[in-house]
Amino acid sequence: MDFWSDFLYFFSFADTNINNVLIGTSVLGFTCGIVSVLVVLSKKALIVDAISHAVLPGICIGFMFTGVKNPIYLSIGGMAAGAVAVYLVDWISRISRIKKDASIAISLSVLFSLGVILLNIIQHSGNSNQSGLTDFLFGKAATIIQSDLYLFGAVFIFVILTLLIFYQHLKIALFDAGFAKTIGLSEKLTQGLISGLVIISTAVGIQTVGIILMSALLISPASAALFWTNNFKKAILISGLFATLSSVLGVFVSFLSADMPTGPWIIVVLSCFALFSAFLSKKGVITKKIRAKIDASYNLKEKEN
Amino acid sequence: MIKKVENPILEVRDLTVTYDSKPALCDANFGIPQGSMVGLVGPNGAGKSTLLKALMELIPKSSGNVKFFNENLESVRKKIAYVPQKESVDWDFPATVFDIVEMGRYGSKSLFKRLTKNDKEIAREALTKVKMLDFADRHISELSGGQQQRVFIARALAQKADVYLMDEPFAGVDVASEKTIVNVLVQLQNEGKTIFVVHHNLQSAAEYFDWMILINKNIVASGPIKDVFTPELLQKTYDGNLTTLEQIGQTIQKQQFPIRES
Amino acid sequence: MFDFWIILTACIIAINSSLLGSFLVLRKMSLIGDALSHSVLPGIVIAFLISGEINSFWMLIGASGFGIFAILIIDWLNRFGGFGKDSSIGIVYTLLFAIGIILITSIAKNSDIDVDCVLFGDINTVPLLPKIFTIPVPTFNLLIIAVIVTLTILFGLKGFKISTFDKSHAQTLGVSITFWNYLLLGLSSISTVFSFDSVGAIMVIGLIVIPPSFANIITRKLSRFLIISVSFGVVSCIIGHCIAIYLDIPTVPTIGFLMGLILILTLVFQTFKKNFQQRTKAKIIKQ
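Protein chains in written order, with our numbering: chain R, 290 to 594; chain D, 665 to 926; chain H, 204 to 490.
Chain R extracted, bound-state conformation (with noise of 0.2 angstroms):
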């Protein structure tokens, strides 16, 4: 059959470009995965958003004086543009009496909107090198080459390495606020460590799933992985896993049809699996209501004994 065949061809890792497009995706989406349970554990899901819209004009201007497509060069462009953004929400919304919602979609559509201008203009520009920035849109999984590997590979060693160093402190201010305010734990270094954390992965996580759908990648893991479990260091690695498993998923429904985008596909299963851990995880909608009724049985039954 077809299908087996593919299928085979796909896990037997035999071809070397598939290899890459599948590690370089896998370790991006393990990176996002960790990252994701900073986000959603200290509600910022939606800056998110803001920060990897905002990515676009820095990856142009990181183009724009370089004149090469150099990842290295377009995530540091990148990485300034999300700090850019972060700030502009905090400050419109600390100086006026615009609302933090509100400020988060003007950042988001001011900055995305001047990344677009400066597209145009780098297209009109001449420059062979420019085209496939528009790739940055919706991911580029499958130009993934060896030479990406080693700047995901340091990004993803980059982000354990903080982790780890700051694991405790991450822990409990994302636990406990308030006991973290107690024993005297900086607030501001909190907030900076997430939000360089994310404005890191986003710079590089738009490779495969592109600017529009990137906060997907850096909500929907943990999401899901916090139905699973209470544990900090467990979430972290079921939320990791999930993200793994759907952009392995994401690329194998690419490879079966030409005309089957990786980024979207990698979030709609990502998208599928918080979905199915909301009605079926121990936590879950389905699985309460069943517990309930079983409970409820079971009450009954004694009664009448």
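It should be emphasised that the hints constitute simulated quantities derived from the structure, not laboratory data. Cβ coordinates follow ideal geometry from the N, Cα and C atoms, glycine included. Among the clues, some could well be false.
[Stated by the list, open to error] Listed next, the stretches of chain D that the computed footprint assigns to chain H, with coverage defined by at least 3 CB atoms under 8 angstroms from CB atoms of chain H:
id	stretch
1	675 to 683
2	716 to 723
3	747 to 754
4	760 to 768
[Said to hold, decoys possible] With a straight-line Cα cutoff of 30 angstroms, these simulated DSS-like cross-link-like pairs (lysine-lysine) come out:
id	chain 1	residue 1	chain 2	residue 2
5	R	Lys578	D	Lys881
6	H	Lys476	R	Lys388
7	R	Lys333	D	Lys686
8	H	Lys477	R	Lys477
9	H	Lys476	D	Lys686
10	R	Lys332	H	Lys231
11	H	Lys288	D	Lys725
12	H	Lys370	R	Lys332
13	D	Lys742	H	Lys424
14	R	Lys388	H	Lys370
15	H	Lys424	D	Lys795
16	D	Lys795	H	Lys370
17	D	Lys824	D	Lys793
18	H	Lys288	R	Lys477
19	R	Lys577	D	Lys881
20	R	Lys460	R	Lys358
21	H	Lys370	D	Lys843
22	R	Lys578	H	Lys288
23	D	Lys777	H	Lys484
24	D	Lys686	R	Lys578
25	H	Lys370	D	Lys784
26	R	Lys577	D	Lys742
27	H	Lys288	D	Lys881
28	D	Lys784	H	Lys424
29	R	Lys470	H	Lys424
30	H	Lys424	D	Lys881
31	R	Lys523	D	Lys686
32	R	Lys388	H	Lys334
33	R	Lys582	D	Lys793
34	R	Lys460	D	Lys686
Given chain R, work out where chains D and H should sit, using these hints.
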């Protein structure tokens, strides 16, 4: 101790409210006589606001029923005014003091009609009563907590109701505003209206109210203040909470209740 | 005439979005606007697949059902599914948007809808489209929507006002919160769907949020708030298009950037003014 009331203006039977399958209020049964000033008192998390919201059908009740004037809320809505906690709204909303008080004249049917001169006059009167007429054109974010509360009371007054339900009208309010509000409430009572207030300060409770309901998930007591404001019942309401108990002891010593027999 | 139609289309979209956006912003539902603008995509693609054209009025009305559908799921997940409010928004709109993109690249790949104009639309093609009464079809449709939106806001002003400021008070007066909420969301969804093809998803959020936010820092009276919001949107569209032509850059993101720039500069100016006033006050006190 729950005192039975003949012809109550508000009657609650077997009212239970649950949040996330945890009971916030259990089996409340009580009645309120017409023209009384009722204080609803209990510790934090005792379900005071919950009871008020359930009476106004702002949150669903799990069981039981509530009658105003021996009828369902829907048919007597116009006769009842509700003052929510002032923290429940966004005071940055673009509106002046007068805009807010005017909203007291809105009704479900008159939403599409223009307000008449009479409506505006009523709104102005209400503002005068709470001594806020000078602030009519001010934006609501420029007010102090006490002034904001007075605006809310004025909005309720503009509704020209017979029963007033108020959620913590004295919380975070300066002394001058508290005095003004108390005067307004007394005036309302003199006009024969019934007032039902969620209150957290035991010291002033005995002074302000003539009828009291003690609540801690259950209704502990309901009746005239001299029967309800007793050490035993208060202890039962604030079970185990030492600081509050001390406070109660002091209050009762100081005030030698009942101080307000009408 | 060519530029006239572009500016007119942009302005009508600005009027619709900033009127509805005013109440979304005041209700702290800006991000619901964000969610709406992305979630309607699969609806639009399906409507296109069924009718074979992008601007069929009734198909687009149907497509706006997807917006309401998304809101209902977000609400449900938040209330019963155990997700935080932000997370449920983030999960639902990305999922629906991803499905929309998949539909475009796989099933509808030979059509006029393409992935790039999903984000910023294709307002420059509006004047070239077929016309009704000499008005291009999307502009004509938008005009109808504008009339509906404006009339609803005018006649329902009290309802929107009271249900936005104090829900519980409105409810105790017997005003149906659900009705006004879904009236607002329904109109927003319809307006988003009809604007989508011309200005795209991101710009819809910009037009929903930035003009009301500008009004918010300028005025404190609701009637003025609405007027300033609408005029800000309209003026930005006109100037934005002129700048775009002059610099030869795309119109829609230029409008978005211009609006944001004006807002941010105003904020900077206000802050400077406040600091300056405080300093002079301090000086006077010293003397």
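Right, here's what the structure says about each hint:
1. 675 to 683: n = 0 at 8 angstroms, threshold three: violated.
2. 716 to 723: That given contact holds, which follows from 4 residues of the stretch 716 to 723 of chain D lying within Cβ reach (below 8 angstroms) of chain H.
3. 747 to 754: Satisfied; 4 residues make the cut.
4. 760 to 768: Holds: 4 residues of the stretch 760 to 768 of chain D have a Cβ under 8 angstroms from chain H.
5. R:Lys578 <-> D:Lys881: holds (26 angstroms)
6. H:Lys476 <-> R:Lys388: holds (21 angstroms)
7. R:Lys333 <-> D:Lys686: holds (29 angstroms)
8. H:Lys477 <-> R:Lys477: Holds. Lys477 of chain H to Lys477 of chain R sits at ~26 angstroms (cutoff 30 angstroms).
9. H:Lys476 <-> D:Lys686: violated (52 angstroms)
10. R:Lys332 <-> H:Lys231: With a Cα-Cα distance of about 16 angstroms, the restraint between Lys332 of chain R and Lys231 of chain H holds, given a limit of 30 angstroms.
11. H:Lys288 <-> D:Lys725: Given that 30 angstroms is the threshold and the Cα spacing comes to 24 angstroms, the pair holds.
12. H:Lys370 <-> R:Lys332: OK: Lys370 of chain H and Lys332 of chain R at ~25 angstroms, within 30 angstroms.
13. D:Lys742 <-> H:Lys424: With Cα atoms ~28 angstroms apart, Lys742 of chain D and Lys424 of chain H stay inside 30 angstroms; holds.
14. R:Lys388 <-> H:Lys370: Since the Cα atoms of Lys388 of chain R and Lys370 of chain H sit roughly 19 angstroms apart, the hinted pair holds (cutoff 30 angstroms).
15. H:Lys424 <-> D:Lys795: Measuring from Cα to Cα gives roughly 22 angstroms; hence the hint holds.
16. D:Lys795 <-> H:Lys370: Within the cut-off at roughly 26 angstroms; holds.
17. D:Lys824 <-> D:Lys793: holds (13 angstroms)
18. H:Lys288 <-> R:Lys477: holds (24 angstroms)
19. R:Lys577 <-> D:Lys881: holds (25 angstroms)
20. R:Lys460 <-> R:Lys358: violated (38 angstroms)
21. H:Lys370 <-> D:Lys843: Given pair Lys370 of chain H, Lys843 of chain D holds - Cα atoms ~28 angstroms apart, limit 30 angstroms.
22. R:Lys578 <-> H:Lys288: Holds. Lys578 of chain R to Lys288 of chain H sits at ~22 angstroms (cutoff 30 angstroms).
23. D:Lys777 <-> H:Lys484: Given pair Lys777 of chain D, Lys484 of chain H is violated - Cα atoms ~47 angstroms apart, limit 30 angstroms.
24. D:Lys686 <-> R:Lys578: Judged against 30 angstroms, a Cα distance of about 15 angstroms means the pair holds.
25. H:Lys370 <-> D:Lys784: holds (22 angstroms)
26. R:Lys577 <-> D:Lys742: violated (41 angstroms)
27. H:Lys288 <-> D:Lys881: Distance ~29 angstroms between Lys288 of chain H and Lys881 of chain D Cα, so the pair holds.
28. D:Lys784 <-> H:Lys424: Satisfied, since the Cα-Cα distance of roughly 18 angstroms is no more than 30 angstroms.
29. R:Lys470 <-> H:Lys424: violated (39 angstroms)
30. H:Lys424 <-> D:Lys881: At roughly 42 angstroms apart (the allowed maximum being 30 angstroms), Lys881 of chain D and Lys424 of chain H break the hint.
31. R:Lys523 <-> D:Lys686: Distance of about 29 angstroms is within 30 angstroms: holds.
32. R:Lys388 <-> H:Lys334: violated (42 angstroms)
33. R:Lys582 <-> D:Lys793: Given that 30 angstroms is the threshold and the Cα spacing comes to 56 angstroms, the pair is violated.
34. R:Lys460 <-> D:Lys686: This hinted pair holds, its Cα atoms lying about 29 angstroms apart.
In this structure, the hints that do not hold are numbers 1, 9, 20, 23, 26, 29, 30, 32 and 33, in rising order.
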